[in-house]
Structures are given as structure tokens and as C-alpha cells.
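J.: Fit chain B to the given chain A structure using the hints.
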Amino acid sequence: NAGVTQTPKFQVLKTGQSMTLQCAQDMNHEYMSWYRQDPGMGLRLIHYSVGAGITDQGEVPNGYNVSRSTTEDFPLRLLSAAPSQTSVYFCASTGTTNEKLFFGSGTQLSVL
Amino acid sequence: GESVGLHLPTLSVQEGDNSIINCAYSNSASDYFIWYKQESGKGPQFIIDIRSNMDKRQGQRVTVLLNKTVKHLSLQIAATQPGDSAVYFCAENVQGAQKLVFGQGTRLTINP
Numbered sequence: 001n002a003g004v005t006q007t008p009k010f011q012v013l014k015t016g017q018s019m020t021l022q023c024a025q026d027m028n029h030e031y032m033s034w035y036r037q038d039p040g041m042g043l044r045l046i047h048y049s050v051g052a053g054i055t056d057q058g059e060v061p062n063g064y065n066v067s068r069s070t071t072e073d074f075p076l077r078l079l080s081a082a083p084s085q086t087s088v089y090f091c092a093s094t095g096t097t098n099e100k101l102f103f104g105s106g107t108q109l110s111v112l
Numbered sequence: 113g114e115s116v117g118l119h120l121p122t123l124s125v126q127e128g129d130n131s132i133i134n135c136a137y138s139n140s141a142s143d144y145f146i147w148y149k150q151e152s153g154k155g156p157q158f159i160i161d162i163r164s165n166m167d168k169r170q171g172q173r174v175t176v177l178l179n180k181t182v183k184h185l186s187l188q189i190a191a192t193q194p195g196d197s198a199v200y201f202c203a204e205n206v207q208g209a210q211k212l213v214f215g216q217g218t219r220l221t222i223n224p
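So the sequences go chain by chain: A and B.
Quick note on the numbering used here: the first sequence kicks off at 1 and runs consecutively.
Quick note on the numbering used here: the second sequence kicks off at 113 and runs consecutively.
What the hints contain is simulated information worked out from the structure, not anything from laboratory work.
A portion of the hints provided could be inaccurate.
The calculated label-pair distances, taken between Cβ atoms and stated as ranges, are [stated by the list, open to error]:
no.: 1; chain 1: A; residue 1: K100; chain 2: B; residue 2: N139; range: 14 to 22 Å
no.: 2; chain 1: B; residue 1: D143; chain 2: A; residue 2: D38; range: 26 to 34 Å
no.: 3; chain 1: A; residue 1: P75; chain 2: B; residue 2: Q157; range: 18 to 26 Å
no.: 4; chain 1: B; residue 1: Q172; chain 2: A; residue 2: L112; range: 38 to 46 Å
no.: 5; chain 1: A; residue 1: L112; chain 2: B; residue 2: G171; range: 38 to 46 Å
no.: 6; chain 1: B; residue 1: A190; chain 2: A; residue 2: L112; range: 26 to 34 Å
no.: 7; chain 1: A; residue 1: V50; chain 2: B; residue 2: N223; range: 20 to 28 Å
no.: 8; chain 1: A; residue 1: E99; chain 2: B; residue 2: R219; range: 20 to 28 Å
no.: 9; chain 1: B; residue 1: E151; chain 2: A; residue 2: E99; range: 41 to 49 Å
no.: 10; chain 1: A; residue 1: I54; chain 2: B; residue 2: M166; range: 27 to 35 Å
We treat Cβ as the ideally placed atom computed from N, Cα and C, and that holds for glycine.
Just chain A, with the same shape it has in the complex (with noise of 0.2 Å):
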């Protein structure tokens, strides 16, 4: 199993462009989730899925977009970019509703 992947590894960005970070997972999981990682903070999640056509919003959602139409993949869109979405973004999964998640290496995203 490969676990979790995303890509890209690396993005740039300028203001106002709009992108898709992608996050596929073989585990079979239904839970999916993205967060984002600023330096000197924790990670905030932005979304969730609890399944394949569910999603739900976290706890910094703005200027993001989800869709979950397999059960393998979770896709964030960043609409129109800002430098304040200048971060480090994760997605995760479990098979057991928000426990024991397993991470992504990460997508780090620079906005112009």
C-alpha cells in the first residue's frame, strides 16, 4: 500500500489563481480530511469527509473548496489564491471516524 499521496510537493502560486491539491488514499478508508500547518501552530483542519459524497467544514474552511466522489480521493481547491494561504497543507485518513489518522507528506504551497 502506498498509503496516503499528494501532490504536488510543491506549488507557487500568485494572487488570484486558483488550483487543485490532490489526495488519493489505497487504505480503503471513508474518513478523509485536509489540514493546513503554519509555522509555530499546530494543524487546523479545513475540511472533512466522512464518505464518499459527504463533506463537511472544519475549522478554517474560507477560501477552500472539497469534493468526495470515490471513497479513494479527496481534492482541495483553492479558489482564488491569497498570501494567507501561504502554508503547509496535509491530508489524512482513517478507517475509524477521526481516529488514528495517517498523514500525506504534504504539500507545501507559497502564494505570491
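T.: Relative to chain A, chain B alone:
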């Protein structure tokens, strides 16, 4: 409300000594706690977890202690090795909630 914090942002220990990383939580309804290790440039990696019906759980060289009376969680690492250098995060979950709440992290540095 829910909040998870750490007593010390940094901790330096001598190689071979035992390390203790502390974490305070504020939500008495939290019933699941988990520790993660994050090495530079990588995603968080699961270390150990504990439910609120337990006060101690041991793994390989690691022990988690839970004191519900004072809402305190600690991670003990025995015989600390250079590979233990990382940032350690605690997180909590309230039963029925669908998100883990993370603390800010403690950076553990091992001195040779």
C-alpha cells in the same frame, strides 16, 4: 471550548536520557487522545493513542499517561535516541465529534 496546548514549546535532552513531553487539554468531554511525531519535511506519524477509560498505555520505548482529574496528557520516551529529534503533537477528540484538535507542538532536541 476545545483547546489543546503544550507546557513547553522546546525540550532538549541528553542522548540516552528519558524525555517527557506534556500536554494540557481543556475539554472534559474529550475521550480519545493521540500523539504524533513530525520530522522535518514530513507528515505527522502516529506514535501512540489512549482512550479516556485508561490512564496509561505503553508502546515500544514510549508511554502515554492520562490524568483526567487535571486534564493532562504526557508522552514519555525512554532512552532517547538521535532519531527521536522531531516535533511532537498531542491531539484530542470528543466522542461524536468528527475532528481531532491538535496542540501547537513541542520540539524535542537530542544532545549527543
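J.: State, for the Cβ atoms of I54/A and M166/B, whether the hinted interval 27 to 35 Å holds or is violated.
T.: Given a distance of about 31 Å, which is inside 27 to 35 Å, the answer is holds.
J.: Take a look at whether the Cβ-Cβ distance between E99/A and R219/B falls inside 20 to 28 Å.
T.: Holds: the Cβ-Cβ distance is about 25 Å, inside 20 to 28 Å.
J.: Could you check the hint for me, namely that V50/A and N223/B are 20 to 28 Å apart, CB to CB?
T.: The hinted range 20 to 28 Å is violated for V50/A and N223/B, with Cβ atoms some 44 Å apart.
J.: Taking the CB of L112/A and the CB of G171/B, does the distance hold inside 38 to 46 Å?
T.: holds, 43 Å
J.: Could one say that the CB atoms of D143/B and D38/A fall in the range 26 to 34 Å?
T.: Once the Cβ atoms are compared, 28 Å apart, the range 26 to 34 Å for D38/A and D143/B holds.
J.: Looking only at beta-carbon atoms, does the pair Q172/B, L112/A fall within the given range of 38 to 46 Å?
T.: holds, 44 Å
J.: Can you tell me whether the CB distance of E151/B to E99/A sits inside 41 to 49 Å?
T.: Violated: the Cβ-Cβ distance is about 22 Å, outside 41 to 49 Å.
J.: Can you let me know if the beta-carbon spacing of A190/B and L112/A is within 26 to 34 Å?
T.: Distance hint for A190/B, L112/A is violated at roughly 46 Å.
J.: Do K100/A and N139/B keep their Cβ atoms within the hinted range of 14 to 22 Å?
T.: holds, 19 Å
J.: Between P75/A and Q157/B, is the Cβ distance one that fits in 18 to 26 Å?
T.: Given a distance of about 24 Å, which is inside 18 to 26 Å, the answer is holds.
Comparing the model with each numbered hint stated earlier shows that hints 6, 7, 9 do not hold.
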